[in-house]
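Chains as they are written, first to last, in our numbering: chain A, 72 to 275; chain B, 12 to 241.
Please keep in mind that the hints were generated in silico from the structure rather than gathered at the bench.
Don't be surprised by glycine CBs; every beta carbon is placed ideally from N, CA and C.
Hints are supplied without guarantee of correctness; some may be wrong.
[What the hints assert, rightly or not] Taking beta-carbon pairs under 7 Å as the criterion, some of the chain A residues facing chain B (in silico):
#, residue
1, D95
2, G182
3, P267
[To be verified] Sample of chain B residues lacking proximity to chain A, with all beta carbon distances greater than 10 Å (derived):
#, residue
4, S16
5, M29
6, G68
7, R77
8, E118
9, V125
10, A160
11, R170
12, D189
13, I221
14, K237
15, G241
Single-letter residue listing:
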Amino acid sequence: MGEQVARHEGVSFTVRDASRLGFDYIKRRMQRAAIVMASIALAIAFLSSLMMTDLFYRVYSQLSGASLSVETYQYWLVFVALIVSVVGITNAMLIAVYERYREIGTMKCLGALDAHIVMLFLVEAIIQGLIGGAVGFLLGVLTGLLSAGFTTGFDIILKAPGLDLLAYLVGSIALSIGLSAAATLYPAWRAARLNPVEALRYEL
Amino acid sequence: MSFDSIIELEDLARHYDMGGDTVKALDGVDLKIGRGEYVSIVGPSGSGKTTLFNLVGGLDRPTRGRVYIDGIDISKLDAYELAWLRCRRIGYIFQTFNLIQVLNALENVALPTVFAGVPRDEGLKKAEKLLQSVGLGERLHHRPTELSAGQQQRVAIARALANDPAIILADEPTGNLDLNTGTEIIDLLHGLNKKGGLTLIAATHDLKMIKASDRIVWMRDGRIEKIERG
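The following block holds chain B by itself, in its conformation from the complex:
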C-alpha cells in the first residue's frame, strides 16, 4: 500500500491539571493523514478537536504520545524549529479570522512572508496574487474593519497560503459565517485541496464541509469514536 502520510499521530494525549482534577482533553489518539488528503474532524465541543489542532500545529506539547510531520517527531524540535514549522509548513485558519487590525488586507497576507525572510516587494507581490486568487483583488488596501466577515476569512485563507505550506489547519472556518458565505469558503478550501494538492484538516460542525471531505474523524471525550470515508 502506498499511503504517503504527511501527519502521523501516535497515542497522542494531552491532559490538563484543573485545580487538582486531571482533564483528559485528548486521550490516546492514533491517526495517519495522507498527503493531499482532506480530513474533517467532527465532534461536540470539548471532544478534543481544538487540542488536537494545537498539538498538530506545534502550538502545544503533548502529555503523552508523538506527532510526526513529514516523519519528524515535532516534540524534538526547539522553539526556533517549531516557529519555522509554523511559518513554512502549516497555514492556520481560525473561526474568528484573527487578522491584524492595524494592517490592510495586502499587509496581512504578506505578514507570514516577513517572518519567512522574503524581501518586502516580493512578499507584497505574492500577497496581491493570493488576494486576487481568493477574489479580493479589488480590496487590497482595505483594513479588516472595512471588510465583511466572508471577505475577512478570504484574507485569512490567503494569509495561510502565503508561504506555500503543505498543510492547512482550519478550526471551524465557517463557524462565524452565514450559509452562503460559508459555502463559498468551503468551495475555496476544497479547490485548494483538490487543485493545489494541499493537505486540509478542518474541525467543523458544518455538514457541507463534512460532505466535501475525503475522511471524517468523529471525536468524543478525547478519543476517536469512528472514522468514515466521505
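Bound-form chain A, shown alone:
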C-alpha cells in the first residue's frame, strides 16, 4: 500500500475546504454560533470599552491638563469576563462536538484525518472569534464613548489618534480569535480522537 499511496494522490483537506464547510456549519446552526459570538463579543466589548474610556481620558488629559484615568480594579473584572467567555465557548463547542458525533464518524469513513477534524473546528472558532471580536469592539467603542463622553465631550473620538483606534481594533480581534481558538482546542481534540466505530453507533 505504501507504494500505492505514493503513486496516487493522498488525502487532503485544505484550509479553504475547512473554511467553506465551517461557514456552512455556522450558517445552518446559527443559534449555537450566535451564542458563542455573543459571549465573546460581550467580553471583548467590556475590555475595549474600558480601553476606549482610558484612551479618551488620556487624550482629554493631554488637551486640557486634567488628570483622568480608569480604575485598575476594572481590568480585573475584564479578566474575569474573558475567562468566563472562554469557558462558555468551550462548553458550547463541546456540545457542538456531541451533536456531530455521527457526522465526524462519517467524515472519517470518507477519508478525513484527525488533523482535518481539528482544523474544521478551529476554523469555525476563528470565524466566530473574528465576528465576535469585531462586534465586541464596536460595542466597546460606543459604550466607552458613552462613559467618557459626558466628561470629555463626545467629539473626543474625533480627537483620538486614528492609529491608536486601529491598533485597538486589530488587538481586540486578534485577542478574540486567540481566545476562541484556545477555547475550542480541547473540544476539537476530543472530536478528532473519536473512534469512528463508536461515533457511528452513537445515538443522540
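Put chain B on the given structure of chain A with help from the hints.
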C-alpha cells in the same frame, strides 16, 4: 482456478473487554471475496456483522488475524494510509444514511472528492453526474431534511461512489426503508455491482437483497455458520 480475490480475511477475531468479561464479537473468520462479487452477510444481531464490516473498512483493529485488501495487510497501514484506503478504495453505505445535515445533496456527494484532493469544480461536476445516475438530477440543491428516506439513501450511494472505489460496504442499507423504496435501492446496488463491476458486501436481513447476491455468508456468534451460493 482463477479466483481473483480483492478481500481476504484470515482467522479474523475481535474481542471486546466489557467489565472484565471478554466478548468475542468476531472469533476466527476466514473468507475470500472475489473482485466484482456480491456477497450478503446474514445473521442475527450480535452475530458480528458490523464488527466484520468495521474491520474490513479499516475502522477498527482486529484482536487477532489479518485483513488483506488487494493483497495488502491493512493492519500494517498507518493512520494516513488507512484514511487513503477509506477515501479511495472503499465506499460506505449506512442504515441511517449519515448525510452531513448542513450540506445539500450535491455537496454531500462531493465531500469525499474534497478529501481526495480533487479540485472543487471537478468534484461538483462528478457529484452532479452521480446524482443524475441515481435519479436525483432534480434534487441537487436539496438538503437531507428536504429529501425522503429513499432519496437520502440514493444520495448516500452516490456519495459512496464519488471516488470510484473498488469495494462498497453496505450495512443494512434497506433497514430504514419501506418495501418499495428498499427494492429500488437493491436494484440500484445490484446494477452497480453487475454493470460497474464493483465488489459489493452488504450486511442485511432483507430477503430480496439476499436473493440478488452471488454468495450468502451466514454468521452466528462471531463465526461463519455456512456459505451458500445465491
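Results of checking the hints against the structure:
This hint holds: D95(A) has a C-beta 5 Å from the nearest C-beta of chain B, less than the 7 Å allowed. For G182(A), the interface hint holds, since its Cβ comes within 7 Å of a Cβ in chain B; the closest pair sits about 3 Å apart. The interface hint given for P267(A) is met, as the beta carbon of that residue sits about 5 Å from the closest beta carbon of chain B, less than 7 Å. Even its closest Cβ contact with chain A, about 16 Å, leaves S16(B) beyond 10 Å, as expected for a residue assigned away from the interface.
No beta-carbon of chain A comes within 10 Å of the beta-carbon of M29(B); the shortest separation is about 14 Å. The Cβ of G68(B) sits about 7 Å from the closest Cβ of chain A, inside the 10 Å cut-off, so the non-interface label is violated. Its beta-carbon lying about 13 Å from the closest one in chain A, R77(B) satisfies the requirement of being farther than 10 Å from that chain. The beta carbon of E118(B) sits about 8 Å from the closest Cβ of chain A, which is not more than 10 Å, so the claim that it is off the interface is violated.
With a closest Cβ-Cβ approach of about 5 Å to chain A, V125(B) is found to fall inside the 10 Å limit, against its non-interface label. Remark: the non-interface label on A160(B) is consistent with the geometry, its nearest Cβ contact in chain A lying 16 Å away (cut-off 10 Å). Here R170(B) does not stay apart from chain A, with its beta-carbon only about 8 Å from theirs, under the 10 Å limit. Under the 10 Å C-beta cut-off, the non-interface status given to D189(B) relative to chain A holds; the minimum distance is some 22 Å.
At the 10 Å boundary, the C-beta of I221(B) stays outside the reach of chain A, the nearest C-beta of that chain being 24 Å off. Remark: the non-interface label on K237(B) is consistent with the geometry, its nearest Cβ contact in chain A lying 27 Å away (cut-off 10 Å). The beta carbon of G241(B) sits about 27 Å from the closest Cβ of chain A, which is more than 10 Å, so the claim that it is off the interface holds.
Comparing the model with each earlier hint shows violations of hints 6, 8, 9, 11; every other hint is respected.
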